[in-house]
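Undergrad: Sequence:
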Amino acid sequence: MELRHIRYLLAVADHRNFTRAAESLHISQPTLSQQIKQLERALGVALLDRSGRMVRLTDAGEVYAQHARLALRDLDAGERAVHDVQDLTRGHLRVAMTPTFTAYFIGPLVHRFRSEYPGITVAVRETTQDRIEAELIANRLDLGIAFTGTHAAGIEATALFVETLSLVVGPDHPLAATAGPLPADRLAREPLGLLSADFATRAHIDRYFAECGVDPQIAVEANSIAALLEFVRRGSLATVLPDAITHVHADLHPVPLTPPLPSRTVSLLRRSSAYHSAAARAFAAIVYESVPDA
Numbered sequence: 001m002e003l004r005h006i007r008y009l010l011a012v013a014d015h016r017n018f019t020r021a022a023e024s025l026h027i028s029q030p031t032l033s034q035q036i037k038q039l040e041r042a043l044g045v046a047l048l049d050r051s052g053r054m055v056r057l058t059d060a061g062e063v064y065a066q067h068a069r070l071a072l073r074d075l076d077a078g079e080r081a082v083h084d085v086q087d088l089t090r091g092h093l094r095v096a097m098t099p100t101f102t103a104y105f106i107g108p109l110v111h112r113f114r115s116e117y118p119g120i121t122v123a124v125r126e127t128t129q130d131r132i133e134a135e136l137i138a139n140r141l142d143l144g145i146a147f148t149g150t151h152a153a154g155i156e157a158t159a160l161f162v163e164t165l166s167l168v169v170g171p172d173h174p175l176a177a178t179a180g181p182l183p184a185d186r187l188a189r190e191p192l193g194l195l196s197a198d199f200a201t202r203a204h205i206d207r208y209f210a211e212c213g214v215d216p217q218i219a220v221e222a223n224s225i226a227a228l229l230e231f232v233r234r235g236s237l238a239t240v241l242p243d244a245i246t247h248v249h250a251d252l253h254p255v256p257l258t259p260p261l262p263s264r265t266v267s268l269l270r271r272s273s274a275y276h277s278a279a280a281r282a283f284a285a286i287v288y289e290s291v292p293d294a
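Residue numbers for the sequence shown follow full-length UniProt numbering, beginning at 1 and rising by one.
Hints listed in this document are in silico derivations from the structure and should not be mistaken for laboratory results. Treat the hints with care, as some may be off.
[Stated by the list, open to error] Pairwise CB distance ranges (calculated):
1) Arg90 / Ala153: 44 to 50 angstroms
2) Ser290 / Thr31: 48 to 54 angstroms
3) Arg90 / Ser290: 20 to 26 angstroms
4) Gly154 / Glu79: 36 to 42 angstroms
5) Thr121 / Gln217: 33 to 39 angstroms
6) Gly107 / Gln38: 47 to 53 angstroms
7) Ser236 / Thr19: 49 to 55 angstroms
Being a predicted model, the structure only gives us computed values, none of them experimental. Ideal Cβ placement from N, Cα and C applies to all residues, glycine included.
Given only the sequences and the hints, what does the whole structure look like? Please build it.
TA: If you want it as structure tokens, here you go:
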């Protein structure tokens, strides 16, 4: 049995098809079939059910694949540890964050990190908090920036700062001239542009509306902060954004609400009880030093 046998089995399990699995591995289908049979002979058990239209793992195959995935994850982490250069002259860093941080937090962090460690390549992803935590657990990410809350098992969260939210409008919006706090129930009559429902910020906003007994008029949903900013600047929509984003855009106007929108705690996420590369430790140090004022 060799490591390639395990990778081949997992490829077939993922694709449920020998042809597609062979293409993904850049080997021929007969070679793949032969290697899987070698693994089954070595273990003395059938790992794949080939009787249907799709290839499936047998019960024994399911159990073996679970352990094989964990083993490969740990082997990948070990390989990263071996290649980790402590003087940070080379290496790779994988970071993800939820969308709001793209607009005001991640840019300065990456700029400073690249200035101090130009030999480190950085992969930055914007995604949902659930996906960040799943990718951290699977060792496909080094660090995540998201929010404090109920986290998946194996996730370690370090609080960074408190983020506050506000209703935001463009310069030509009628609410831009609002002098005092706007009652939350007024938003039932205002067309809103909000992040789509799979993002943590949207869940936060939805809870606020529910607690206020407001049925909001959601005219546009988007999975992009940049898109929301463009819509709001045109003047017809209001949105809800962190105050930090509003502060860096002079053409956006925050509108205070009563009751006020709730705040939330921003956290740095990582996988607990795991090897953390020198690059990840250096980036985390920059994050802690760059925490904005509350």
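Undergrad: Decide, hint by hint, whether the structure agrees.
TA: Hints, verified against the model:
1. Arg90 / Ala153: 44 to 50 angstroms: violated (33 angstroms)
2. Ser290 / Thr31: 48 to 54 angstroms: holds (50 angstroms)
3. Arg90 / Ser290: 20 to 26 angstroms: Distance hint for Arg90, Ser290 holds at roughly 23 angstroms.
4. Gly154 / Glu79: 36 to 42 angstroms: Violated, at about 20 angstroms.
5. Thr121 / Gln217: 33 to 39 angstroms: About 45 angstroms separates the Cβ atoms of Thr121 and Gln217, which means 33 to 39 angstroms is violated.
6. Gly107 / Gln38: 47 to 53 angstroms: Taking Cβ atoms as reference, Gly107 and Gln38 lie about 50 angstroms apart, which means the hint holds.
7. Ser236 / Thr19: 49 to 55 angstroms: holds (51 angstroms)
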